[in-house]
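Engineer: For reference, the chains in residue letters:
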Amino acid sequence: MPSLSFLSTVGGMILFTWDCVLLTLQRKTKWHQVLDQIFQVGVRSLGLTVAAGLFVGAIMALQIDLQLKDFGAEAFLGGLSTSTTLRNIGPVLIAFLLSGKVGAYTSAELGTMEVTDQLNAIRLLGASPLEYIILPRIWAVVISSFLLLIVGLMVTIFGGIIFAEVIGVNSLNYIQNIPRIVTVWSIVLSVIKSFLFGAIIAVVSCYKGYHAKGGSVGVGIAVQSCAVTNLILIIITDFLLSMASSCLQDIFKVGYL
Amino acid sequence: MIMTWLGRALILKVGEFLATFFLWISTVLSMIKQLLKLKFRARETLLQMYLLGVQSVLIMVVAMGFVGLMLIIELAFHMNLVLKHDSLVPAFSALLMVRELGPVITCLLLTSRIGAGIAAEIGSMKISEQLDALKMLSIDPIDYLVVPRWIGSVFAAVTLTVISLAIAIWGGAFLAAQKLGTSPGEYFNTVFFFVKFPDLAHCIVKSAVFGSLIPIVAAYQGFNCGSDSAAVGEAATQAVVRTSLYIIIADFLLTYLFYAI
Chain Y
1 MPSLSFLSTV
11 GGMILFTWDC
21 VLLTLQRKTK
31 WHQVLDQIFQ
41 VGVRSLGLTV
51 AAGLFVGAIM
61 ALQIDLQLKD
71 FGAEAFLGGL
81 STSTTLRNIG
91 PVLIAFLLSG
101 KVGAYTSAEL
111 GTMEVTDQLN
121 AIRLLGASPL
131 EYIILPRIWA
141 VVISSFLLLI
151 VGLMVTIFGG
161 IIFAEVIGVN
171 SLNYIQNIPR
181 IVTVWSIVLS
191 VIKSFLFGAI
201 IAVVSCYKGY
211 HAKGGSVGVG
221 IAVQSCAVTN
231 LILIIITDFL
241 LSMASSCLQD
251 IFKVGYL
Chain W
258 MIMTWLGRAL
268 ILKVGEFLAT
278 FFLWISTVLS
288 MIKQLLKLKF
298 RARETLLQMY
308 LLGVQSVLIM
318 VVAMGFVGLM
328 LIIELAFHMN
338 LVLKHDSLVP
348 AFSALLMVRE
358 LGPVITCLLL
368 TSRIGAGIAA
378 EIGSMKISEQ
388 LDALKMLSID
398 PIDYLVVPRW
408 IGSVFAAVTL
418 TVISLAIAIW
428 GGAFLAAQKL
438 GTSPGEYFNT
448 VFFFVKFPDL
458 AHCIVKSAVF
468 GSLIPIVAAY
478 QGFNCGSDSA
488 AVGEAATQAV
498 VRTSLYIIIA
508 DFLLTYLFYA
518 I
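Protein sequence lines correspond, in order, to chains Y and W. In terms of our numbering, the first sequence opens at residue 1 and continues consecutively. In terms of our numbering, the second sequence opens at residue 258 and continues consecutively.
For the record, the hints were derived by calculation from the structure and aren't laboratory data. Quick reminder that beta carbons are idealized off the backbone N, C-alpha and C, glycines included. Do not take every clue at face value.
In silico DSSO-like links for lysine-lysine, alpha-carbon gap of 30 Å or less [stated by the list, open to error]: (1) W:K296 to W:K392; (2) W:K341 to W:K270; (3) Y:K28 to Y:K213; (4) W:K290 to W:K453; (5) Y:K213 to Y:K30; (6) W:K341 to W:K453; (7) W:K290 to Y:K69; (8) Y:K69 to W:K436; (9) Y:K69 to W:K392.
Covered stretches of chain Y, going by a simulated chain W footprint (3 or more residues, C-beta under 8 Å) [what the hints assert, rightly or not]: (10) 85–99; (11) 220–229.
Work out the full structure: start from the sequences and follow the hints.
Structural biologist: This is how it looks when you write it as structure tokens:
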């Protein structure tokens with residue numbers, strides 16, 4: 001039963017998150033380890049994020065330009081492509097890449113620790129692996145994914161501007177058009193999305209790595225199921241947040257929020 | 258100092274890209290050899306089609322259904338903001354779906370579904386010296402392992418893209434009827450008026466290209482897997498990351514090639 005096992009995974013992850021939140025509230029987080037992990041995980045992914053951001057921005061500018069050409073509304077190119085990228089496509093696509101880079105790296109590392117009995121060695125010493133190994137990694141992945149997503153989203157804007165210059169749209173017109181359509185609420189929404197996607201990547205990858213079993217093949221399986229679960233949860237969360245934003249607009253009767 | 262570092266990183270990346278490209282060429286060549294000699298590995302290929310394609314259907318349907326719904330909401334927001342009415346939302350969402358998000362998101366999902374698996378499988382075969390055993394039996398690993406996966410993956414990418422496009426557009430019809438008050442007949446009329454045959458053809462070509470990238474990059478990472486216990490996980494990670502980045506770059510290049518030139 002694939003659906004049943006998916007539900008039990010989600011339940012396990014919620015309990016896992018609850019444990020970690022409790023530990024954090026008891027001030028058990030080792031912040032210097034978190035900083036170490038942020039360097040390990042975050043700084044090494046910066047190049048990938050920048051490359052992905054440039055291409056995502058360019059792709060969206062190209063697509064929106066194609067669609068607007070049919071209606072002669074090219075004046076809106078800058079605003080529409082930036083707004084679409086910031087609100088949806090950018091966070092989703094960059095979070096896909098980060099779930100491959102950051103999430104799979106974390107789950108592979110934790111899975112290797114688990115199958116080579118390093119976590120059991122920590123338990124044998126009377127310490128909790130949740131506190132010493134998992135908690136710093138979770139916080140590091142949350143913080144670094146959030147920051148990387150924000151950087152990636154900023155780079156998408158540059159990608160759009162560069163591409164607009166390539167296809168012969170004046171980049172000044174393009175930039176002037178951005179604040180007319182990108183509202184404050186769009187930016188707040190994309191920041192909320194970035195944070196939640198970072199949290200999803202952190203919890204899923206740590207959970208999957210922590211529960212890996214069965215030798216080096218088990219690590220591969222853990223990485224694979226971590227990546228799939230990440231993507232599905234990111235897409236569903238993205239839909240729910242968009243839905244919530246649109247419902248808020250309907251409730252408060254604002255033309256654009 | 259930073260220039261040497263950058264230069265070394267660039268040379269490594271380019272070298273890896275070229276090696277992957279040569280693996281792609283040798284896979285295609287050995288597939289052609291199989292076809293010419295009529296020594297087609299039918300059982301392996303059918304098994305891989307089942308494992309890579311059929312078993313991914315559920316994930317694709319769930320994910321792309323949500324993408325279709327999400328696109329309707331977002332485009333309704335933007336159309337209301339710019340054009341002050343939302344009669345063109347179905348057309349824009351279907352066009353964006355067919356031209357861009359359908360192939361890309363399907364193949365990114367397929368990457369993490371099968372790319373990590375292929376890399377882990379071939380990597381653990383290398384660690385346990387099964388690849389050497391194959392060579393001892395004078396079986397070419399590319400011929401025996403990569404070609405069936407390559408055919409299976411291209412097949413899976415194309416069929417899953419078509420299925421997920423259908424699901425996404427159908428889900429969009431449902432949400433448009435609920436939220437915008439567009440009747441399904443009106444919705445499909447607009448969609449069929451704006452989505453032309455070349456769009457669908459380009460969509461199929463794109464997904465075939467992306468699907469042919471996935472097993473090659475994964476197999477390359479698996480063949481170059483180290484020998485300690487951390488290596489398999491590392492190979493699986495690298496396979497997912499590289500393939501996702503290659504897919505996004507290939508998408509940009511293909512879209513530019515199809516539409517802008």
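Engineer: Given the hinted pair W:K296 and W:K392, is their Cα-Cα distance within 30 Å?
Structural biologist: 18 Å, holds
Engineer: Does W:K453 sit within 30 Å of W:K290, going by the straight-line distance between their CA atoms?
Structural biologist: Roughly 37 Å between the alpha carbons, so the hint for W:K290 and W:K453 is violated.
Engineer: Is Y:K213 within 30 Å of Y:K30, Cα to Cα?
Structural biologist: 27 Å, holds
Engineer: Below or equal to 30 Å on CA atoms is what counts here, so check W:K290 against Y:K69.
Structural biologist: 46 Å, violated
Engineer: Is W:K341 close enough to W:K270, meaning Cα to Cα at most 30 Å?
Structural biologist: 47 Å, violated
Engineer: For Y:K69 and W:K436, compute the direct alpha-carbon distance and say whether it is at most 30 Å.
Structural biologist: Measuring from Cα to Cα gives roughly 27 Å; hence the hint holds.
Engineer: Do three or more residues from the region 220–229 of chain Y put their C-beta atoms closer than 8 Å to C-beta atoms of chain W?
Structural biologist: As far as the region 220–229 of chain Y goes, the hint holds, because 7 residues have Cβ atoms under 8 Å from chain W.
Engineer: So if I understand the rule, the pair passes when the alpha-carbon distance is 30 Å or less; does W:K341 with W:K453 pass?
Structural biologist: 26 Å, holds
Engineer: Holds or violated: Y:K28 and Y:K213, Cα atoms, limit 30 Å.
Structural biologist: The hint holds at about 27 Å.
Engineer: Does W:K392 lie within 30 Å of Y:K69 when you go C-alpha to C-alpha?
Structural biologist: This hinted pair is violated, its Cα atoms lying about 56 Å apart.
Engineer: Quick one: see if chain W covers the region 85–99 of chain Y, three-plus residues with Cβ-Cβ under 8 Å.
Structural biologist: Our answer is that it holds, as 8 residues pass the Cβ test (under 8 Å) against chain W, meeting three.
Of the numbered hints listed earlier, those contradicted by the structure are 2, 4, 7, 9.
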